[in-house]
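Using the hints, build the complex out of the two chains.
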Amino acid sequence: MPNPQENAAAEEARLLARSGAGDREAFRLLYARYSAPLFSLAVRMVGNIGEAEELLQDAFMKVWRNAASYDPRKSRPFTWAVTVMRRTCIDHLRRRSRLPVTTPLLEDDTAIDRSGGDVVRRSAEASEDSELVRGAIAESPPNQRRALELALFSGMTHAEIAGRLGQPVGTVKSWIRRGLLDLRATLTEPTP
Amino acid sequence: MNTQLEELACLYVLDRLDARERAAFEARLAHDPDLAATLREIEASLDRSVRALAQHEPPAGTLERIEARISGSRQAAAEPPSRGAAPMWAAAARWGAAAAVAVGVGLIAVRSLQRAPAEGRPFVVVVGLDSLRSRLAEVPVQERPRDADASFIQLATLAERFWEKPDDLPFRLDSAGQSGRGYALFDPGSNQGFIAIRQLPAAGRGKEYRLWLLDTASGKVREAGVLPAAAAAGGLYFFSVLPATSAKPGSPDFFVTAEDTGSPLSALPRGKVVLGESRS
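Residue numbers (this note's numbering), protein chains in the order written: chain A, 1 to 192; chain B, 1 to 280.
Don't read these hints as lab results, they were simulated from the structure.
Model, not experiment: these values are computed from the prediction.
Beta carbons: idealized from backbone N, C-alpha and C, even for Gly.
Heads up, simulated DMTMM-like pairs for lysine to aspartate or glutamate below, C-alpha to C-alpha not over 20 Å straight-line:
id : chain 1 : residue 1 : chain 2 : residue 2
1  : A       : Lys74     : B       : Asp15
2  : A       : Lys173    : B       : Glu41
3  : A       : Lys74     : B       : Glu7
Some chain A residues well away from chain B (every beta-carbon gap over 10 Å; in silico):
id : residue
4  : Pro4
5  : Asn7
6  : Ala13
7  : Arg18
8  : Ala21
9  : Pro142
10 : Asn143
11 : Gly163
12 : Leu165
Next up, chain B with everything else stripped away, as it sits in the complex (with noise of 0.2 Å):
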């Protein structure tokens, strides 16, 4: 076995190959028994050195309160963890209430996007973002992702195709007057999705970009990762969020702040708006 294909196998057992790296590692896999067999023994590798973390029993209640998600139990929902955890998202949920009432007046919907994921005809939402707005929108995709892996691919395939071609987009997207511009494409089924910055100031000093997600139904914010400081200069960056908690979530809008840097986890989004509608 050479280095590279040994290296090849670390990656793909650490999880570090992007979509297409990972397709063709698995399509030698298929054919190649002794990648198979070193494969096997770097993933042995991987799977004793987590038993061998100090090992932890989860909290007693854990896996109930998993089945009561899985079968979609509001009561378990709404049951706090234990020991003390606050739910991720419960500080942002407040912030939505007040949120949920802007979202009426200034959003510009190009359809409405109510239908939940699993019925229906597949669909990828776009939402267009410059400094004043945003847009959605819906684009039919040919078929439902089997699972996350193949909802990555259909997303990325779709922004690169968007990101060559912008006049494939539902929209226009115009920058006469704004200082940014963007777009966001959104998987439901897999709450992953890209966001393209075509344009946008740098963050400045103590200040960086964050990227959120606005349930218009529920008022409800997640957080979608903060954007790297490249992003100014424009790029296609992934992001995923936790799913929402509501048992038929609205439209996913997004929007952009800039927010002081190092901000804790769940913090509200606090800092102007930059990208999207506008909530000042």
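Only chain A is shown next, with the shape it has when bound in the complex (with noise of 0.2 Å):
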């Protein structure tokens, strides 16, 4: 039987395909579902709620223009509508010409709060799965947790983040796979 998840992406995948063929209610219920999420990653990786907005609507353009050719064979809905979200934002860091200093994915963003963004309010069934997300992380060696944050947020290759860290780019290669494949490992433990 589907898990709620899976039925949330094949729904969402319907979704994507009817706004490819030109339907505006389906983007519409889309963007509702996607814009706080990537409107906060673009937050997160830009440092400006401003320019946020302005990559939030580059993004949500290109999901509209390029809809039609999802492929849920190749990546989950939200996976693919984060990739868009991840380009816009590296491209506009690159033409930006320096890269952010990223904070840890641990830090209170009240800062970021302050300048003009209004706080999603949230189920109490997402903010447990934040809190296992955010604790899964807190735990994993420092700079294999530096690694992934870069590689997640930073817009920076690996070999830039290997220059950043002093680290080989394998070995920053490994603590990002070990990253990601430990936090999946938390992720599907059952809960008590």
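Quick look at the structure:
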């Protein structure tokens, strides 16, 4: 029997297919589901609410234009949208010709909140899930955690991360792989 | 699942594979259920990491602005973004108004490229660059790319061909008496391209080379990126630019300037033009 995440992914894949066919209502439903996490990702990557909004617009324009090419065999719908958002932010950061000083995932983000964004009210379930993720990352070795954060949110290439951390590229790749797999293992453990 | 495949799956999810590696990974994915399962789990890790960030709602009216852009509403395009953020290329547009005058004088346009990318036969714009001038040409391509990835592969293939066989270029790269030479390939449909540097002097201390796209109809300039220091030794580099804000963009021209290292976003091109038409 499909789990709730699989059901949600299937529904979002249908919304993408409908958006690709020009269905504005489906596109609005996708926006309702994805805009807050993608906007939060953009805020985290570029560190500026105004720029993040511009980039969110650009990313959703790409979602609209490219929805018809989405292939569910290659990625989950949300992962596909995250990739679109990350690419948009990374292109922007590279044009800006400097990389942001990334902050740890565990850091309180209220400094960003004060600049104008409205914090989303989150369900208890979503909050618990976030706590699990944060806990898993907090428990990981510092180098592994830093490499994963840079890989996810800085826009740096692996070679650039290696340079920043003063480690060989192979070591950095290994830390990133280990970080993602450790996170996966934690998240798949049954809740007591 | 072996370590190498897991690492490949991580790189795929993090969008760190090049076009060829990605195509090979997806080909394997199609008939390897274990790899597909591992990929799904890594994707779940990424997705939940994103959802674990402190969540912010986008400013009110963002969806309406996106829908207005989809509809091509000029009124919405002119509306300033909320919270006082300046449009990214507003400053460049001010410079562009003056630059447009110079464009008409020295630019050697091989052919008119006024056609909108969505109409007519698909083509890639090729711009020959040396230290004195630009030369524009269009190279027909077999089919219109269905998305940005397909465009990337098409451009990369063409860029590699021109790199290996410069005689296939629609113009001759004349190096006599020039301090720099190269060319840019650009797909107006996906707003991405490659710049090939064949010859370029070192940027010098405190300077970096920046690539710019000039819309020759409106005179608006878009920054296309910073060339790595190693570019002076020659090479092929990918770039992408924001879409043109004009409903009918003109021919894209390119030029490279030497700017102060670390100049801020949206800084105007102020440094010496080292490749492309001189505007001094």
